[in-house]
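These are the residues of each chain, in order.
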Amino acid sequence: MRWNQLVRNKPFMIGGCLLVLLLGLMVTSLFYTPYGPNDMNTAMRLAPPQASHWFGTDNFGRDIFSRIMEGSQTSFVIGTASVAIGLVIGLLIGAIAGYWGGWMDEMLMRIIDAMLAFPGILLAIMLVSVFGPGFGNTIVALGIMSIPAFARIARSGFIQYKEFAFVKAAKARGASSLRIISRHILPNMASPLIVASTMRFSGSILAEAGLSYLGLGVQPPDPSWGRMLSEAQPFIINAPWYVFITGAVITAMVLGFNLLGDGIRDGFDKKR
Amino acid sequence: MLKIRKTFVTGFSTLAVLSMVISGCGSSASPAPAASGTAQTTNGNSPAKDSSSMERVEGGTVRVAMSTEPDNLDPYLSAATDTSSMMDNVFDGLFEAGENSELVPAVAESYQISEDGLTYTFNIRKGIKFHDGSDLTAEDVAYSYAKLSGLNGKEPLSSKFAVIEKIETPDDSTVVVKLKAKDAAFLAANIVAIVPKDYEKQSEKPIGAGPFQFVSYAPGQQLVLEKNDQFYDQERKPALDRVEFKIMPDTNSSVLALQSGDIDMIPGISAQGALQLGTGFQIVSGPQNMVQLMALNNTEKPLDDVRVRQAINHAIDKDVIIQTVAEGNGAKLGSNMSPAMKMYYQEGLENRYQPDVQKAKALLKEAGYENGFKLTITVPSNYAFHVDTAQVIAEQLKAVGIDAQIKQIEWSSWLEDVYNNAKYEATIVGLTGKLDPHEVLGRYETTYGKNFFKFSNAEFDDIVNRARTEIDVTKRADMYKQAQTVLTEQAAAVYIMDPSRSVALKENLHGFTMYPVQKYDFAAMYFSKK
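Residue numbers (the UniProt record's numbering), protein chains in the order written: chain A, 1 to 272; chain B, 1 to 530.
Only chain B is shown next, with the shape it has when bound in the complex:
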């Protein structure tokens, strides 16, 4: 018996030591996150306000961590957003995307639209040169658009240009595009890259007319751009000499690389990574034009009842979700439009459904679901962000008697079952934004093939249909605002937030601006003296 006790004693003392190690480790590390947490918020709220007082430096190299490899350097063949955000610096379009989802004239100086809305006349700026030294003329624009629309007899490369009937070039600086039908969404499509005529090696050595020119690309290592000295627009002339995109798939190592000074910028840093950074860096955050929502299948019982959908909206406290899942870095939404789309965003809708358990219960009672019901929330398992959101929502729905079960499925099954076939009750996903509101709101149209909300509303269809052919910009924006209000009133889904994109920059790197599309305009960036 004596033996037993002895071994027990050794056993327990081992455990005691182990637990001491555990608690010791925990307490020593605990003050750190709180301290850096406060540092981060101050950083985030005042991005480079004091930059004007600093001395601007011409030249310099910016090294940027990119988490993915470019899929194709040819702007017409690439589908990845990360790739286009790099190559956008090499290529200019007739227009460039502006900060407020407006179109900024670039290659096109001005444009006119005919009365019937079918003929677009673009006046091309004179004196623009491609990186190989050749002139950019109307011919190049026509060549580019023929390629995109399939008018060159080949497969069309972009569905947005399928509406083009014919392209004419009356002179070197005029392009006339005729459309088959009125389409207000066409204008925003003209941000696409203009490429030199008959140059077919864009995938190997891209040539454009943008502020930076392509130098080299070593797969798995880096993609290098250099300043274009002949750039046509004096106001947008780059200050930086060189931009190096370093391929760094691991987010933790890119944070360490930024800390050690091996890179200067991380576009898209996680909240945890930002907390880790400490001083000497600035974090610029803003809405990324994404709509994170809990989609409700509007044809599935009991979600076919608008009162049930409204009750769910009242049951969910979006602020709590933003706090817990996004560390507070998100803009609360009320409809399917991000505030990043300043021109089209309908304000105030985010407060339509205040978190109110009593009201939610009353609405459920009215609809005949006094005792609640079971709800399955299907979530793509590869998005921890959405899975976390589902956990918070399930907890909140419990309070009004809705028993929410979370079902994680693989991304490919999600696309098949939920997105393509609408076989689900509720799902959480982020819809990435587009520059044109029609691409954002059009997915709620009754006739839209992948309307996985199964939302069908005559008023909404009518508004969106009229907006599609409305050429007047303000009237069109108003219509889309109305459409957003309909979505909110009908509680088509639970619109949660636009999770902010956070970009980490070295303290002395300035001029970074957020756009409603993923765009990094290095021409506007510059270093200051430390």
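Chain A extracted, bound-state conformation:
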């Protein structure tokens, strides 16, 4: 996969642009937001978009643009952290199951099957209900939710590559299992894992939005896109910009990651 190949890939570029823009918003929000994201100005409730409030204000008179900016941190952090948890644990399970096989494989995969039997969001709702809502628990719940996808991909990769000549050669040379896994097999599996990560990333962001929409995710007053969407719902007729803008931003983020993933996959496919 070469850079200029990717550049020619439209989905990759569009997705990339969207994400660079949102990432820029997030980085900026670390130092600066036009208004305090939780500052209420009750004299200006549900103001439409205008020069002083680009995206208008919400029902408490809080600046929606500032809250979208601040909320992007939540989305990125939750996305990154939950994908990291899912990737690490999923990889571990996949490696054990795929590389060594046998009864370990059987047992681990049946557990993964059981987890897959529940729709992901339901699993997350269950976990959050048990451990209580909040930022940390949301990350853990969404991380656990992404384990099966990674475990499956990793397992199939390990089963495929462990039969390859270069792995057998390394084995014959007396390399340790750890070395074979980390040096010889993993780098070859990078591409499907990267694609899966981008997809899971958008899945996590969407799931966080869903959880927060149900009041189970990030707690008020801290902004989260999902909660903003749910707070906007009663005003859909009288202040349509609120729900529209929030929905559009979530869509842009999810679309960005999906397009990016698509683009990377296309890039890999062409190489083969």
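All the pointers check out, no bait thrown in.
For the chain B half of the interface with chain A, some residues (derived, Cβ under 7 Å), not all of them: (1) Gln276; (2) Gln323; (3) Thr324; (4) Ala394; (5) Ile406.
Simulated from the structure, these hints should not be mistaken for lab results.
Glycine included, C-beta positions come from ideal geometry on N, C-alpha and C.
Starting from the known structure of chain A, fit chain B onto it as the hints suggest.
Relative to the frame of chain A, chain B by itself:
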């Protein structure tokens, strides 16, 4: 490199178009809410004042949107307020609830209470007929009360009647009820429905003696009532022919149905829905006898210090909450009593704690919390109204140095942890009102099992205890007023507001009245010529 730039350009131009669509949509829709907002306030402030000049029409059908399905048509087995507000038109009690939380004689013409306050004698009005044509006599009243109190040997159906020792019927129009102990709250319980003796099919075809009779009920669709031509009270005789309750769980679709003329009335319309309606409709708003409060756990540190609780009261600006959360549709409260309870409501308490950051800080300093403290506000997650209130309060408390964290929990966990076990620091909830003040204020008694405020005050206990056995109505009302003042002085909680109930009606539908309990008296309603 040229390629890169080109794709970037397409990428950004897509975004530019998208943002134009966004702003275009926003600006075109912006003037609408402001305009309808002003229309709504004028509507709300003058509910049907000009109705007298209009010509009254006899007959007609009113179609009402109900958001919930009836739970049981039997008035003794139903627990849902929505159901009883529909079926109240079918059943009459010895008394009916009046507008000012007084009792209006209905089936009972008059009553006497003995000196010791233990014997109640009710004189039953003559000539009352049930909907099936049979006469309503003292026997039916005795049968109804035996069922409620468990004197018929079965499980008692209402705890309010457990105090009855025995019921006698010396003649057809006299009922004598003897109580085990003095209980001033008993009188208000007599608004309960009187049912015909030995009729056991109330759940399928309810029969009462009210101004309307039951016609049919199709689950998921509608419940239909028709005018009772033989109704005993000429003054309360209904003008309407028919009332149809349409089951419409989705509030948005009921607003659209009202706009398109498919229904005539929405009891309990949201502020946003009211804004949407526009002209041709009237909105009647009034206190619904609910007390929205932020309960403080009076045994939890630092809330066990009255100065801290008072400081919190000074830190919170209730007017702002009413404006932002209830669109201004709420009555500010100062104690645990809604102004809807006109007879018992102590005026002026709502201004006891003026919003004053300096005073709040001074009180906190006095109590030794100069640098503030952390406070967790537990809120039931299914009530957006309370969650929104919590957000405003958290913001206001920040100004006096109290770091309030909001914790949303599920309703069932709220009932278990907060209401039953008082495991919380602060919580926001609405307490629904009752007709009798004892049921409202009794929850602050030290001995009350579900006193989740953990409030304990000897003076308060004494007043409420004396009021329970006080038969003189005025003296009793005064005592409950005193009790409210104690709650305010002790800052047992932050009493926020009674959120108004707003009822949307067609312009030519009149006679709707607000009651301290959820009651829709269709007998008093009528259409006018347009």
